[in-house]
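Colleague: Chain residues, written in single-letter form:
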Amino acid sequence: MSDQKTLNFTEFRARVGDLRGKEFWRSLEELSRSDVFDEFFEQEFPQQALPLKKGVDRRDFMKLMGASVAMAGLAACRQPAEAIIPYVRQPESIIPGRPLYFASAMTLGGVATGVLVESHMNRPTKIEGNPEHPSSLGASNSFMQASILGLYDPDRSQVVRRLGDTATWSDFIGAIQPVLNAAKTNGAGLRLLTQTITSPSLGAQIQQLLAMFPGMKWHQWEAVSYDGAREGGRMAFGSYVNTVYDFTKANVVVSLGSNFLDEGPAHLRYARDFMGRRRVRAGEANRMNRLYAIEAGMTSTGSVAEHRLVVKPSQIGEMANALLNGQGSNPFLAALLKDLEANRGASAFIAGDEQPAAVHAIAHALNARYGNIGTTVTITDSLEVAPTNQLASLQELVRDMNAGAVNALVILGGNPVFDAPVDLQFVKALDKVPFRVHHSLHYDETSLHCHWHIPDTHYLETWGDARGHDGTVSIIQPLIAPLYNGRATSEVLGALIGGLDQTPYEAVRAYWFAHGATEESWRRWVHDGVIPNSALPARAGAVPNAPSPAPAIASSGIEIELRHDPTLYDGRFANNAWLQELPKPQTKITWDNVMIVGPKTSEKIGYDADDRDGNVNERRTRFADVQYRGVKMRLPVWVVPGHCEDVATIYFGPGRERGGKVAEGTGFNTYPLRFSDALHGGPGAQIAMSAASEIYPIACTQEHQSIDPKVVGERGIIRAGTLAAYLKNPRFAQAEEHGSDVAGEGNESFYKPYDYSDKHAWAMVIDPSVCTGCNGCVAACQAENNISVVGKEQVVHEREMHWLRIDRYYRGDVENPDVFHQPVPCMQCELAPCEPVCPVEATSHSEDGLNDMTYNRCVGTRYCSNNCPYKVRRFNFFHYADYDTPSFKPMRNPDVTIRTRGVMEKCTYCVQRINAAKIDAEREGRRVRDGEVVTACQQACPTQAIVFGDMNDKTSAVARLKAQPQNYAMLEELQTRPRTTYLATIRNPNPELKPESADTGREG
Amino acid sequence: MATKDEKPPLHELRPVTQEVRIPERFIPTPTIEPGHNFATITDHISTIVLRRKTPFGWLIGFLIALGGVGLLMATLALLVGKGVGIWGINHPVGWGMDIINFVWWIGIGHAGTLISAILLLLRQEWRTSINRFAEAMTLFAVASAGLYPAFHTGRPWYDFWLFPYPNTMTLWPQFRSPLMWDVFAVSTYATVSALFWYVGLIPDLATLRDRATNLWVKRAYGAFALGWRGSAKHWHRYEHAYLLLAGLSTPLVLSVHTIVSFDFAVAQLPGWHATFFPPYFVAGAVFAGFAMVLTLAIPARKFFRLEDFITMKHLENMGKVMLATGLIVAYAYAMEWYYGLYSGNVFETFMLKNRATGPYWKMYVALWVCNGLAPQMMWLKRCRTSTFWLFVTAMFVNVGMWLERFVIIPASLHRDFLVSSWGMYHGSKYDWSFFIGSIGLFFALLFLFVRFLPMISIFEMRTLVPEAQVHAEGEEH
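So the protein lines, in turn, are chains F and Z. So for the first sequence, my numbering puts the first residue at 1; every next one is plus one. So for the second sequence, my numbering puts the first residue at 1; every next one is plus one.
These are computed hints drawn from the structure, not numbers from a lab. Positions of the beta carbon are idealized from the N, C-alpha and C atoms, including for glycine. Incorrect hints may have been included.
Here are the computed lysine-lysine pairs in the DSS-like style, where the Cα-Cα straight-line distance is at most 27 Å [as the list claims (entries may be wrong)]:
no.	chain 1	residue 1	chain 2	residue 2
1	F	K312	F	K604
2	F	K249	F	K217
3	F	K63	F	K217
4	F	K184	F	K338
5	F	K338	F	K994
6	F	K710	Z	K353
7	Z	K53	Z	K320
8	F	K728	F	K994
9	F	K752	F	K728
10	Z	K82	F	K792
11	F	K759	F	K918
12	Z	K82	F	K710
13	Z	K320	Z	K233
14	F	K889	Z	K302
15	F	K661	Z	K362
16	Z	K353	Z	K53
17	F	K792	Z	K429
18	F	K428	F	K632
Computed beta-carbon distance windows for the label pairs [stated by the list, open to error]:
no.	chain 1	residue 1	chain 2	residue 2	range
19	F	G812	Z	S343	23 to 33 Å
20	Z	T188	F	S757	35 to 45 Å
21	Z	N167	F	H845	17 to 27 Å
Kindly produce the complete structure, drawing on both the sequences and the hints.
Modeller: This is the structure:
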């Protein structure tokens, strides 16, 4: 603390108490005129104090009044005080109605992904990926999309609290001072607990703090643990490393329990690179890769793998050992080993984050053996400021807390009371610390157990920096001044260091100016969102040590697999309703976590198959009792095809007790199953259906159990084939190839078809071959189009509002099926069945072929939805839109109407974006260029599975895709002439493992 | 009953008839029991209305029905206040009990017009004693039916947009939409039915006016009698108007349910998209209508001791109509299978399979039992002439016709083209309260009708007694 004389309220009160005699004060107004007050006020609010001190003359008064009236309407405009630099256009002034885009970055698990933030009149409204950021390349995931809701979350902590009561920042400064003074000698007893930090400037601040208090210790803990990868890297290379994959060069990819396409800091980039190799286009060289996945539960990665070996989580190590020893102990491994041999230097092994260090070390060794290091795999130094074994770090902290060695604990972010391993009994230890501070976005479980709570700032509210998956540094620039008086991490650290005057902006700027920035380069970095060439260099001559085989784990009973929740992460997003309502990739369950088992296991634990199917049909299920290492828990059971037998996968993250209205009471807290020696679960669980026949409603958006696979197949909804089948007959997916007599001749009509030839003809092609089912598009659509959240009860009633859904179909063996993802937006049929049935013409056709909805004309007969064969229309059964919460008002996209109750809505192909581009084009006297209109789903998609454009422009990307031989229209025999079409899914199985005859081409 | 003391029992009024030995099977069942003359008919029917004391049984029944109306009002208040989300509808199933009940009531509303208009034109004199009752039932059923389309919309306060009226938006409704056609069909039907019923009532209202003793009652009936004095000119105009209205109503019997069936047939949903829906729906409507007339007539006849006027012949004839239309309906159910399977269309085939073996198979089986099997009882004269068996059959048909609409509407919608979007439908408690409430409204109106208006056409019944025939013959001379 620089200024020891800063007044606080205690002192102020004391000084007022000193006033004597005539100095009685009659009112607060009179008191406020006292010198004491002035002095206090000036110190508290230096900027505001100045004009008051000067006194206000008549002219100034008029000016101030005028200004305040003029500004009254701008109360929502909260531009940060410091200059921030727009991404695309440098405005002379802000043009109302024209959004600006600013580059920033969002961190998850400490690692940054670059974002572009759309800002309307200084209100951030939408997140896109930053095309210049290597971890994004313009794509975004659901966490990024939903972070905009996180910013405006009304349940965010808004005030400093002392023992739960409202306090002030200065109170906190005052309170921590004696603690710091006591620690002054060497800082022993002072502890800092953070999450993973890759931010160079924060790292420097912490180093400064550690230098000030040499005895102080810094601990790090993230519930979504990367310790396996860290320690595996250290086993292989002697120190903590970071592994970066380049899937553009990999012909064969082997996943050892890794969900690299949908999880981890680099997944957007990896999905882009990996799927870039899976686009089969007529006239282009075929470079299709092949994915072998070894996993237990079905992940997004496993769902798109050509070959998926289903083994228990504990056996993945054995499989890794077998690969390491070159033993083709089963047909899968034998074929894989052959394939690897043929693709030396062009394969990649990637081990799952849940895998133990040994498996990671083996993956490194295998990469080295097959010559991948330097080609598909790059080893760099760790991204983190201080990589450490976080579990060990947390264990050490708990040990010291229990020993009474910790006098003060400052927790920056995270929620260890909720997410620390259960056997550490973190709360018990924490309660022994005499001074506890928690800095977080919500007043959560940990805040409740701390003396002080400091509200955090959202990443869109403050300055910062962080590294991307390859080490590239991004400057995080704020879009809006803190909405709720939050304090940035750097400010809290500043309070500890004593640099109270330094704003987060100054802290970041100072660091980078000390590290080579100039005014010019700083502006460019902030503008671009990345610091060029800041990626970490490859380690020269990285040769892994020979690994020791992964230890065999004796498997008994049912094995528990613990994974972080796909939409809530470690629980930090539990108060984000968009993420709560986002269907989880494989199960399509919202608002809940369940115990996922395979079909056989479900019967083994006593869940009758007919009962189960009947329940799933009605969107409900039954409970099972789990007994695992002395912990008993009741969880709803959910069956997923392709899930390993005798394995129960349980997501952790939901089940929060504190942290906001949405978070509380949704899902089940499964952290009690998480032990520090088995963070990702282990064998020995006893699971049996609960005796009570209690029915639990499950908000699942797609049922599956009771559907006969033939029903899907004969409808031609999903058309899929192998690469070999495609090469033999590229038109394999066309209806006439299957003896259909209706398709193909589609133009026969009594009426003359409408002529679109001189207009735009907006169209979309979706390539399910490259879709991982990650939901990024669904979240993006929700953010772009102000789509309401309806809540669990309404989803159970089958009333979810998402305009875009990802349908999931299985084919083949229920124990290990092929999975197909199919994003379904509105098909924008040229002969739309919804249009003629609307009695009030609320849905009609635009001249460029869009099937438009006129919300304010809709009376809500729902006939259009009944007549829509694709069932893409969504009805506001209740008043779903939140018109009242003030903080949500600035969040909404001002270009999209908020729908009232009783009104039908549906995908518009982002008509607001089309119109913006058309207006621009018209002003410039030209046609809209290809690629100028990008729909929200298309923009978010990491694998570029969605392509949109004008199909009248024969050179456009969408027209070229429509000309592909595998392009087909869903339900084409209905003659709806949909503008959205699909490319048949093409996979590249190893002929040794899947004989050609097994693939009939058109199935689903 | 309180009225028992005021009038001697009916059988005492009958003259003793001589026994004639004619084998029973050759005796036609009379449309009016023998022994009646103009006076007894007028007395008997008008007394039901004009007697001072309200029967206790009526009061109880009316109060129960009023309770239903209260439930209806509460449901409507909640519905308008909160939205159609209080129902069980969802994303694959956009129409549920709202449209089921609409079609059910509209179907019931068919018997009145059929009996009044078509049978009038066909000179089926047995219709006379039941037509007033059936017409009233039609009107009230249409009123109950009308509630559903009016309140099933998401924003019922904008329902007027469905009418073609000049407006500042210079926007017409979508004339291609079957819902638009519904608006015209149902409103026309309601208007013509009401007119037909009212015109037919005028001579009887005059009778009541003349026989009423209370001045205000006299004035009330007098106002509605529109100055009817029974002059030849009046009768002449009446006959013309009535015949014209009958002619107007006749096509409506066919058109209303034809157009209601278009709501489904025009859509492309498997299970809806079928060209044979119009005749199938019309037959179903007549089927349902006669079942409901029987359901109401059998107890009413007993309660008001109208066995002389609504004779077994009426009931038996209605049983026969039920059998005939029931067979048409069963034929349609069978034809659905033929069309579905013969088409070879996967969606049609699946739809049928799903009906029979899907989650709603019980409803489908019950439908066959109620509408296919139960009416077969009507082959037997013993059942046709037994009020008990007639009533049982009619109840089966009432339920069966509701099930038919359930099978057509939600059971087709819940599993359509895209497998991913399949769902389930269950009526919520508010669906049921709306339904029960609309039944309450129907019965409340019916109770008011039987208390305040002659439920059997007095003047038309008078044409059935032998004096009327003699008089007519004499006129020819």
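Colleague: Look at each hint and say if it fits the structure.
Modeller: Okay, the hints, checked on the actual structure:
1. F/K312 <-> F/K604: Between F/K312 and F/K604 the Cα gap is close to 16 Å, so the pair holds against 27 Å.
2. F/K249 <-> F/K217: The given pair, whose Cα atoms are some 43 Å apart, is violated under the 27 Å limit.
3. F/K63 <-> F/K217: Violated, at about 54 Å.
4. F/K184 <-> F/K338: Violated. F/K184 to F/K338 sits at ~63 Å, over the 27 Å cutoff.
5. F/K338 <-> F/K994: It holds: about 15 Å lies between the C-alpha atoms, which stays within 27 Å.
6. F/K710 <-> Z/K353: Measuring from Cα to Cα gives roughly 13 Å; hence the hint holds.
7. Z/K53 <-> Z/K320: Since the Cα atoms of Z/K53 and Z/K320 sit roughly 38 Å apart, the hinted pair is violated (cutoff 27 Å).
8. F/K728 <-> F/K994: holds (17 Å)
9. F/K752 <-> F/K728: Since the Cα atoms of F/K752 and F/K728 sit roughly 38 Å apart, the hinted pair is violated (cutoff 27 Å).
10. Z/K82 <-> F/K792: holds (18 Å)
11. F/K759 <-> F/K918: This hinted pair holds, its Cα atoms lying about 12 Å apart.
12. Z/K82 <-> F/K710: violated (41 Å)
13. Z/K320 <-> Z/K233: Answer violated: Z/K320 to Z/K233 is near 38 Å, above 27 Å.
14. F/K889 <-> Z/K302: violated (66 Å)
15. F/K661 <-> Z/K362: violated (42 Å)
16. Z/K353 <-> Z/K53: violated (58 Å)
17. F/K792 <-> Z/K429: Satisfied, since the Cα-Cα distance of roughly 19 Å is no more than 27 Å.
18. F/K428 <-> F/K632: holds (20 Å)
19. F/G812 <-> Z/S343: 23 to 33 Å: Because 29 Å falls inside the window, the suggested range holds.
20. Z/T188 <-> F/S757: 35 to 45 Å: holds (43 Å)
21. Z/N167 <-> F/H845: 17 to 27 Å: holds (22 Å)
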